[in-house]
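Chemist: The chain contents come next:
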Amino acid sequence: MTAMPASTSDIAIDVRGLSKSFDGREVVHDLSMQVKRGTIYGFLGPNGSGKTTTIRMLCGLLTPDSGEGRCLGYDIRRDADKIKRQVGYMTQRFSLYQDLSVRENLEFVARLYGMRDAHGAAREMIRRLGLSGREEQLAGELSGGWKQRLALGTCTLPNPQLLLLDEPTAGVDPKARRDFWNEIHALAAGGLTVLVSTHYMDEAERCHEIAYIAYGYLLAHGTVEEVIAKSALSTYTVTGDDLHALQDQLTGKPGVDMVAPFGTSLHVSGRDRAALDATIAPWREHRELHWQHGEPSLEDVFIELMTRSKDNFQ
Amino acid sequence: MSVTSPPKHRSEIPEPRFGFWRRSYAMVVKEFIQLRRDRVSFAMIVIIPVMQLLLFGFAINTTPRNLPTAVLLQEDSDLARSILKALENTSYFHFTREVHDVAEFDDLLTSGKVLFGVEIPRGFERAVRRGDYPALLVAADATDPVAAGSAMSALGVVVQTALAHDLFAGDPPSLPFEIRAHARYNPAASSRLNIVPGLVGTILTMTMLIFTALSVTREVERGTMESLLSMPIKPVEIMFGKILPYVLVGFIQAALIIGIGVLLFGVPVRGSLVMLTLLSTLFITANLSIGYTFSTIVQNQLQAMQLSMMFFLPSILLSGFMFPFMGMPVWAQYIGEGLPLTHYLRIVRAIMLKGATLHNLEYDSLALLALMVLAMTIAVTRFRRTLD
Numbered sequence: 046m047t048a049m050p051a052s053t054s055d056i057a058i059d060v061r062g063l064s065k066s067f068d069g070r071e072v073v074h075d076l077s078m079q080v081k082r083g084t085i086y087g088f089l090g091p092n093g094s095g096k097t098t099t100i101r102m103l104c105g106l107l108t109p110d111s112g113e114g115r116c117l118g119y120d121i122r123r124d125a126d127k128i129k130r131q132v133g134y135m136t137q138r139f140s141l142y143q144d145l146s147v148r149e150n151l152e153f154v155a156r157l158y159g160m161r162d163a164h165g166a167a168r169e170m171i172r173r174l175g176l177s178g179r180e181e182q183l184a185g186e187l188s189g190g191w192k193q194r195l196a197l198g199t200c201t202l203p204n205p206q207l208l209l210l211d212e213p214t215a216g217v218d219p220k221a222r223r224d225f226w227n228e229i230h231a232l233a234a235g236g237l238t239v240l241v242s243t244h245y246m247d248e249a250e251r252c253h254e255i256a257y258i259a260y261g262y263l264l265a266h267g268t269v270e271e272v273i274a275k276s277a278l279s280t281y282t283v284t285g286d287d288l289h290a291l292q293d294q295l296t297g298k299p300g301v302d303m304v305a306p307f308g309t310s311l312h313v314s315g316r317d318r319a320a321l322d323a324t325i326a327p328w329r330e331h332r333e334l335h336w337q338h339g340e341p342s343l344e345d346v347f348i349e350l351m352t353r354s355k356d357n358f359q
Numbered sequence: 041m042s043v044t045s046p047p048k049h050r051s052e053i054p055e056p057r058f059g060f061w062r063r064s065y066a067m068v069v070k071e072f073i074q075l076r077r078d079r080v081s082f083a084m085i086v087i088i089p090v091m092q093l094l095l096f097g098f099a100i101n102t103t104p105r106n107l108p109t110a111v112l113l114q115e116d117s118d119l120a121r122s123i124l125k126a127l128e129n130t131s132y133f134h135f136t137r138e139v140h141d142v143a144e145f146d147d148l149l150t151s152g153k154v155l156f157g158v159e160i161p162r163g164f165e166r167a168v169r170r171g172d173y174p175a176l177l178v179a180a181d182a183t184d185p186v187a188a189g190s191a192m193s194a195l196g197v198v199v200q201t202a203l204a205h206d207l208f209a210g211d212p213p214s215l216p217f218e219i220r221a222h223a224r225y226n227p228a229a230s231s232r233l234n235i236v237p238g239l240v241g242t243i244l245t246m247t248m249l250i251f252t253a254l255s256v257t258r259e260v261e262r263g264t265m266e267s268l269l270s271m272p273i274k275p276v277e278i279m280f281g282k283i284l285p286y287v288l289v290g291f292i293q294a295a296l297i298i299g300i301g302v303l304l305f306g307v308p309v310r311g312s313l314v315m316l317t318l319l320s321t322l323f324i325t326a327n328l329s330i331g332y333t334f335s336t337i338v339q340n341q342l343q344a345m346q347l348s349m350m351f352f353l354p355s356i357l358l359s360g361f362m363f364p365f366m367g368m369p370v371w372a373q374y375i376g377e378g379l380p381l382t383h384y385l386r387i388v389r390a391i392m393l394k395g396a397t398l399h400n401l402e403y404d405s406l407a408l409l410a411l412m413v414l415a416m417t418i419a420v421t422r423f424r425r426t427l428d
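Read top to bottom, the protein sequences are chains A and B.
Using our numbering, the letters of the first sequence correspond one by one to residues 46 to 359.
Using our numbering, the letters of the second sequence correspond one by one to residues 41 to 428.
Certain hints may be false.
Quick list of in silico lysine to aspartate or glutamate cross-link-like pairs, EDC-like style, CA-CA up to 20 Å [to be verified]:
1. Lys192/A - Glu115/B
2. Lys81/A - Asp287/A
3. Lys282/B - Asp144/A
4. Lys48/B - Asp293/A
5. Lys275/A - Asp317/A
6. Lys274/B - Glu271/A
7. Lys282/B - Glu149/A
8. Lys48/B - Asp317/A
9. Lys127/A - Glu259/B
10. Lys192/A - Asp218/A
11. Lys48/B - Asp287/A
12. Lys275/A - Asp293/A
13. Lys298/A - Asp317/A
14. Lys192/A - Asp124/A
15. Lys274/B - Asp124/A
16. Lys192/A - Glu277/B
17. Lys81/A - Asp144/A
18. Lys153/B - Glu128/B
19. Lys127/A - Glu277/B
20. Lys274/B - Asp126/A
21. Lys274/B - Glu259/B
22. Lys153/B - Glu165/B
23. Lys275/A - Glu344/A
24. Lys192/A - Asp78/B
Chain B is nowhere near these chain A residues, computed Cβ spacing over 12 Å in every case [stated by the list, open to error]:
25. Gly105
26. Pro109
27. Lys129
28. Leu187
29. Ala233
30. Ala234
No lab work stands behind these hints: they were computed from the structure.
Keep in mind it's a predicted model, so treat the numbers as computed, not measured.
The beta carbon of each residue, even a glycine, is placed where N, CA and C say it ideally should be.
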């Protein structure tokens, strides 16, 4: 035994300077992160930002070009086999056997992890997932929401210490999403560490901590409040007539970093409060427009971070 | 989004002129692009016909010459040497072994190391001089009637002409001895006896190869490989898990073909059924390992099928299934030695038709084992444990 068992430390994931390139294109750049045990850590960022690549490096599916670190106390380069035993990984694409039934999929995984009573473990999981009565149905025939539940059940079946969930709720209806998150919180309360990547802002707010990654760079991390506070973004919410024209007029003006429609309102944000106020002053006179200064939403912060990083890195 | 401005009306998209041609053209362009991207498919377009042409053109010879022959010389006389010379001059026979007793002679024929055996009995010359009309024995391994056939049919006439110059100044009415040609194992020269055992090997090669060749690529294409790799399972374990079920499948197939061969076509099983079972299992496993190796090399299921085809073609042409192995040029024989089917054909024909024992088949069994281990080693080292 080389590494100390991870239970002695309260850090589940501790990586420094991870980089990974594919065909000369750097997908993850110098990424460092720490995830405490028993927390739900949200991993946010646009498509192609390197979320999946990072998750794959953490569980030994990809070898980092540089950087090092530990996952559950094991070296991510040397001890991939030991990490795999402790980690449940739910892939972005449904990756259970579509031509096996619910029960057969669960029993397969239970046997792979060497569980003594594979049949019993599968039956218990079917009951917990509320899939009783469907155990003989082929996994490929389940609806999106049930597939996702089954996938989560499959990767939690061997009682892992760490769950890596790659966009687990993509394409799932709101009710199933809510149930899913309740389940995740219950698991975390039981000591499981969860790293979950997502596009949804409401899901980010359900995480204990979040990290935002774009173009391979980790741009912000901390609790939701910390990330919003650190952004130093001023945001006005505008309601009124012909907001579309207003958006066209404001976009690109000095001090206006971002203009984005939100339903029947428009969010106008800028990092330089004074410049922003100066620019919008003429429009604040309009009677049809109602301006209100408020907290930026997490989405405002992320989109601003993303556009800024695009300028810096691309 | 805007509350006040009226929704803009978009005009309806019309059916284009020559719609049929435009859409077909779009499809053709797309298919060409995809074909060009798939390098392996592209290569196959060239490689498969060229390979077939070269093999049929250069390697295959249905009237083979210089066939390996053993000699059992019971007396060392001028006449005996003349006869041997005459036989070799026919260019059908090539004396590769000289043996000293009948057991060795039979052994070589059974193991397939030689295709013919010539025996000149003791007191042959004296018997000829006395006018006793003695017999010269030419035994042929007739399991493959094509290989032995032309040499056998040429035997009488050609030897007579060749000997005429040596022995008799004039034109003798006939030979003073008998050439007793003995087509062993398959006296009726029934090609069925040769083909049915051969089919066992050929069918198994085809099916086993494809079963496992698709196995890894299927997991990759369906996306299940990613989650499989993230679980604590090792490449060797994946390989065994994928190969073992098909050993049983292959076994059932082999039993089916042999059973039909015996019951319907009257092909005998002269050797040990246990030995046949064991060596067939070895052959099945060797093919499954090779198929599995392919599946760790290729990118998708189409390529796996193509690579299997590329392996199957020379297996059929160069193994001795369709055409006599001994009749092929040496380079083709070397390629043939690298194919499991070659060795299995010798094994299955020898056990079923000749009643061979393991002792006769040592070389071919070891060759099968070596090919299997080689394939498995390549498969395990080639297997990508990560998605890098």
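Chemist: Now, for every hint given, state plainly whether the structure supports it.
Modeler: Here is how each hint holds up against the structure:
Taking the CA atoms of Lys192/A and Glu115/B, the gap is near 84 Å; set against the 20 Å cutoff, the hint is violated. The hinted pair formed by Lys81/A and Asp287/A fails the criterion: a straight-line CA distance of about 47 Å is larger than 20 Å. Under the criterion of a C-alpha separation no larger than 20 Å, the hint pairing Lys282/B with Asp144/A is consistent with the structure, at around 16 Å. Between the alpha carbons of Lys48/B and Asp293/A the distance comes to roughly 18 Å, so the proposed pair stays at or under 20 Å and holds.
Between Lys275/A and Asp317/A the CA atoms are separated by roughly 14 Å; this keeps the pair inside 20 Å, and the hint holds. Restraint check: the Cα-Cα separation between Lys274/B and Glu271/A comes to about 43 Å, which exceeds 20 Å; the hinted pair is violated. For the suggested pair Lys282/B and Glu149/A, the alpha carbons sit about 17 Å apart, so the restraint of at most 20 Å is met. Among the hinted pairs, Lys48/B with Asp317/A is inconsistent with the structure: their alpha-carbon atoms are about 37 Å apart, more than 20 Å.
At most 20 Å may separate the alpha-carbon atoms for a hinted pair to count; Lys127/A and Glu259/B exceed this at roughly 23 Å. As the CA atoms of Lys192/A and Asp218/A are separated by approximately 12 Å, the hinted pair is consistent with the 20 Å bound. The suggested pairing of Lys48/B with Asp287/A holds, with an alpha-carbon distance near 15 Å, which does not exceed 20 Å. For the proposed pair Lys275/A and Asp293/A, the alpha carbon gap of about 28 Å is over 20 Å, so the pair is violated.
Proximity of Lys298/A to Asp317/A is assessed by CA-CA distance (about 12 Å); at most 20 Å being required, the pair is judged to hold. Between Lys192/A and Asp124/A the alpha-carbon distance is near 31 Å, which puts this suggested pair outside the 20 Å criterion. Taking the CA atoms of Lys274/B and Asp124/A, the gap is about 13 Å. The hint holds against a cut of 20 Å. Between the alpha carbons of Lys192/A and Glu277/B the distance comes to roughly 27 Å, so the proposed pair goes past 20 Å and is violated.
For the proposed pair Lys81/A and Asp144/A, the alpha carbon gap of about 38 Å is over 20 Å, so the pair is violated. In summary, the hint linking Lys153/B to Glu128/B is supported, as the alpha carbons are separated by about 18 Å, within the 20 Å threshold. This hinted pair checks out: Lys127/A and Glu277/B have alpha carbons roughly 16 Å apart, not beyond 20 Å. Restraint check for Lys274/B and Asp126/A: the C-alpha separation of about 9 Å stays at or below 20 Å, so the hint holds.
A C-alpha spacing of about 15 Å is found between Lys274/B and Glu259/B, which places the hinted pair at or below 20 Å, so the restraint holds. Of the supplied pair hints, the one linking Lys153/B and Glu165/B is violated, its CA atoms being roughly 29 Å apart against a limit of 20 Å. Taking the CA atoms of Lys275/A and Glu344/A, the gap is near 14 Å; set against the 20 Å cutoff, the hint holds. The straight-line distance between the Cα atoms of Lys192/A and Asp78/B is roughly 33 Å, outside the 20 Å bound, and the hint therefore fails.
Against chain B, the non-interface label of Gly105/A is violated: not every CB pair exceeds 12 Å, the least being about 7 Å. With a minimum CB-CB distance of about 10 Å to chain B, Pro109/A fails to clear the 12 Å threshold, and the non-interface call is violated. Its closest Cβ contact with chain B, about 5 Å, brings Lys129/A to no more than 12 Å, contrary to its assignment away from the interface. Separation of Leu187/A from chain B is adequate, the least Cβ-Cβ distance of about 15 Å exceeding the 12 Å criterion.
Against chain B, the non-interface label of Ala233/A holds: every CB pair exceeds 12 Å, the least being about 20 Å. Every CB of chain B lies more than 12 Å from the CB of Ala234/A, the least distance being 25 Å, so the non-interface label holds.
This entry does not satisfy hints 1, 2, 6, 8, 9, 12, 14, 16, 17, 22, 24, 25, 26, 27, going by the numbered hints stated previously.
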